[in-house]
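**Q** Here is what each chain is made of, one letter per residue.
Number of protein chains: 2
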Amino acid sequence: MIPDPPVSLWPDPEALGPVTDLYQLTMMAGYIAIGRDRDRASFELFIRRLPKNRVYLVFAGLEQAIGDLLRLRFSSEQVEEIRRWPIFRTIAPPFFEALEAFRFEGDVWSVPEGTVVFPGETLLRVEADLPHAQLVETFLLSSLGYPTLVASKAARIVGAAAGRPVYDFGARRGHGPHAGFLAARSSYIAGFAGTSHVEAARRLGIPAFGTMAHSWVQAFVTEAEAFEAFAQVFPGATMLLVDTYDTLAGVRQAAAIEPAVRAIRLDSGDPLELSYRSRAILDELGRHEVKIFASGDLDEFEIARLVRHEAPIDAFGVGTELITSKDAPALSLVYKLVELNGVGRIKLSPSKRTYPMAKQVFRSRDATGRFAGDHVTCADESAEGEPLLVPVVREGKLVAPLPGLDAIRDHCRAQLESLPNRLREPEAEPDYAISYSDALEAEADRLGLH
Amino acid sequence: MIPDPPVSLWPDPEALGPVTDLYQLTMMAGYIAIGRDRDRASFELFIRRLPKNRVYLVFAGLEQAIGDLLRLRFSSEQVEEIRRWPIFRTIAPPFFEALEAFRFEGDVWSVPEGTVVFPGETLLRVEADLPHAQLVETFLLSSLGYPTLVASKAARIVGAAAGRPVYDFGARRGHGPHAGFLAARSSYIAGFAGTSHVEAARRLGIPAFGTMAHSWVQAFVTEAEAFEAFAQVFPGATMLLVDTYDTLAGVRQAAAIEPAVRAIRLDSGDPLELSYRSRAILDELGRHEVKIFASGDLDEFEIARLVRHEAPIDAFGVGTELITSKDAPALSLVYKLVELNGVGRIKLSPSKRTYPMAKQVFRSRDATGRFAGDHVTCADESAEGEPLLVPVVREGKLVAPLPGLDAIRDHCRAQLESLPNRLREPEAEPDYAISYSDALEAEADRLGLH
Chain A
81 MIPDPPVSLW PDPEALGPVT DLYQLTMMAG YIAIGRDRDR ASFELFIRRL PKNRVYLVFA
141 GLEQAIGDLL RLRFSSEQVE EIRRWPIFRT IAPPFFEALE AFRFEGDVWS VPEGTVVFPG
201 ETLLRVEADL PHAQLVETFL LSSLGYPTLV ASKAARIVGA AAGRPVYDFG ARRGHGPHAG
261 FLAARSSYIA GFAGTSHVEA ARRLGIPAFG TMAHSWVQAF VTEAEAFEAF AQVFPGATML
321 LVDTYDTLAG VRQAAAIEPA VRAIRLDSGD PLELSYRSRA ILDELGRHEV KIFASGDLDE
381 FEIARLVRHE APIDAFGVGT ELITSKDAPA LSLVYKLVEL NGVGRIKLSP SKRTYPMAKQ
441 VFRSRDATGR FAGDHVTCAD ESAEGEPLLV PVVREGKLVA PLPGLDAIRD HCRAQLESLP
501 NRLREPEAEP DYAISYSDAL EAEADRLGLH
Chain E
81 MIPDPPVSLW PDPEALGPVT DLYQLTMMAG YIAIGRDRDR ASFELFIRRL PKNRVYLVFA
141 GLEQAIGDLL RLRFSSEQVE EIRRWPIFRT IAPPFFEALE AFRFEGDVWS VPEGTVVFPG
201 ETLLRVEADL PHAQLVETFL LSSLGYPTLV ASKAARIVGA AAGRPVYDFG ARRGHGPHAG
261 FLAARSSYIA GFAGTSHVEA ARRLGIPAFG TMAHSWVQAF VTEAEAFEAF AQVFPGATML
321 LVDTYDTLAG VRQAAAIEPA VRAIRLDSGD PLELSYRSRA ILDELGRHEV KIFASGDLDE
381 FEIARLVRHE APIDAFGVGT ELITSKDAPA LSLVYKLVEL NGVGRIKLSP SKRTYPMAKQ
441 VFRSRDATGR FAGDHVTCAD ESAEGEPLLV PVVREGKLVA PLPGLDAIRD HCRAQLESLP
501 NRLREPEAEP DYAISYSDAL EAEADRLGLH
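So the sequence lines, in the order shown, correspond to chains A and E.
Residues 81 to 530, numbered by my numbering, are exactly what the first sequence covers, in order.
Residues 81 to 530, numbered by my numbering, are exactly what the second sequence covers, in order.
Bear in mind the hints are in silico, worked out from the structure with no lab data behind them.
Do not rely on the hints blindly, as some may be mistaken.
Remember, identical chains collapse to one label, so a pair may be satisfied in a single copy or spanning two.
Claimed, not checked - Distance condition first, Cα-Cα at most 20 Å in a straight line; then the derived EDC-like pairs of lysine to aspartate or glutamate: (1) K406 to D379; (2) K132 to D377; (3) K132 to D407; (4) K477 to D84.
Go ahead and model the full structure; you've got the sequences and the hints to work with.
**A** Now the structure itself:
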């Protein structure tokens, strides 16, 4: 008898409720047991510290987070199984009924997706009944942190490329097979020109980009034969990978192919030297129109070096460094209770302090339109500048349709163009002013923050 | 009118075919177009280099990878959309028909999940028709690389904890909401005692672990009130987080609670000093049975330091460092064509060389049963030691049921116990011998590798 394949371990998108930490459920059970489940809570999401090498961040992941939040459910089967866990043996039926009946019915305010943001300022606020606002913590953090990490890394890479298109090649190096999809979307928001990820391209309308692997070349007796075959199958879209055996010989080989190749790809060795030598060979053979594409362990520092030395490279492919945000693979994104039944709440743990009260963030610009500083206030204060947080969900329903991917990308481009020059270089140091209103400082003082 | 929530961006587990790089499809189209689609190919998966701080790796993710591989399909809708992409405009119908008809019908050999492995040795081999063996590359790399990274990091952490239980708290810091599930499974294989991830615990039968967040304490007027309420709701399972305001005052508070608490959790500050001082307070108050649990940015180096100083900590929770494999967030896992129609193939790109031919790996042990070295041979050679690669899939069907999670975990424990002592410390240097058979070297010479 042939064994069945292992069951799928993908989540059911209609039953994502238990994609959370157990303590969210124990606290929910607790609040229900002591009759605190209709307390009204405000939780805020913010970043504690800039990751290594970052001087600003690009907020991303909101569309998927909100969609999943509004669909968040527990199936009967999930609830029945959780009910049997020893930790819940003292818990009365109303908790389990509440899980089965769960729908997110609170409000969400958020900074729009694609916005440039900084640590210490509120990015998103959930206002809901205490157990519901608490329950969604893990889900929101895991849905928003990674896209924000990737979009922030991607913005640096796009900046370093100085106008040359950059493509996402990260799918194989993602933390699991879903990360590639999220990274394709996040990097496109931050200005990448396209992705190699077929499903992301198909579902999100991102330009798909792909050429050939070394294995194509290896599958033929000679490199020339491999190149000829590819050019016959994809006339007009022929991009040849030239480094399977000897890179410069590969360039000569590619230049000789008919119908004419569009581009060559360099994937190993020093791209600065190889791009100059490849360009010289192509030009010498009259192939001025053939473009040079570089990939292989590139990051923003290497791309900036290539651009500084005017390497004749027309486009870049970035994989590992983008999709793992390799120099800074974690973001200190947190979600904290700031207000309960209209009263400010804080936490005092060493180096983990938070400001109380529901907040708004106002961004000022200088005379040239560049970002000049952010001012954090209580939600009901007004101040100069543009308020960053806007209502997204009210009583569990979208306030307005969320922007499409291209609108998010346009917003992000405008945001990045408004960055002060001092924050633009890969080597820039953190230097952006965040201030807090007098009312917020007074409330913090009152609760013992200072 | 209330807008609909954004559509789900989760993948359809029954249509994961396009979760791949575009070049896998262009090459498949190419092989079909030139009549090479029935060539028989062997591709092998291996690790090029040890990541930073790692001296061995734990192979993980096989069960999910194989399950998804055997379910890999393209829906009609996906194929119809891909067909309209400009790059495929010169491609004849047989390619699109092949996508719609795609089923993985090849063979897979693999090292069992939970096995200790090293760079430069074959971990998995796919033997199939050339376009099919090629197509699954991206999927296999993204399905196996991340679990292997996490299991490898987890094994180091478990080793450093020297018998104290360690729990996975990483869900919120994963690269997207699915990474937490994969990390819970991978860390459990490598010896973690449980996870905070509810859905991973439920579906995989991993012990679930959870306490309370700071927000629970903040939701009450006093810490004492917060602790009392929790103890009433969870008598017998009360673990109290003591660092919301003042850690040592929190410990005194916790010690006074009735019914008696089981444990306290320290989540900030220096866990070495705080654990000693907390233990002293608990003992002074006669609460000898109350355990101390530590969490908060722990990694294997910090845990080793705490263990070395005999910190009175009974268990650890590890989040960010585990789930992002923060010191080494990427693995140089690759999938290379090694044999085509019975003939060896290689790639010569600088620093990316591969050995040709389908291979087997034989592992020797010393007189005490510890791993003494691995010997890589052609698949049809025999050698001393235990052959690591076993048949898993034959003609698209499982050869035998895959082991369950506890069996994988037991296998992993036995593997880790067989590591030479010199590879066990967090600061160990790479030092393990991999050799290649004369036949393999001769074949490599013939193809120009040396």
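**Q** Does each hint fit the structure? Answer for all of them.
**A** Going through the hints against the structure:
1. Both within a single protomer and between protomers do K406 and D379 lie at most 20 Å apart by alpha-carbon distance, with minima of 9 Å and 18 Å respectively.
2. Taking identical chains as interchangeable, the C-alpha atoms of K132 and D377 lie at most 20 Å apart whether they share a chain (19 Å) or sit on different chains (16 Å).
3. When the C-alpha separation of K132 and D407 is checked against a cutoff of 20 Å, the pair qualifies both within a copy, at 7 Å, and between copies, at 13 Å.
4. Taking the shortest Cα distances, K477 and D84 sit within 20 Å of each other only across copies (8 Å), while inside one copy they are farther apart (42 Å).
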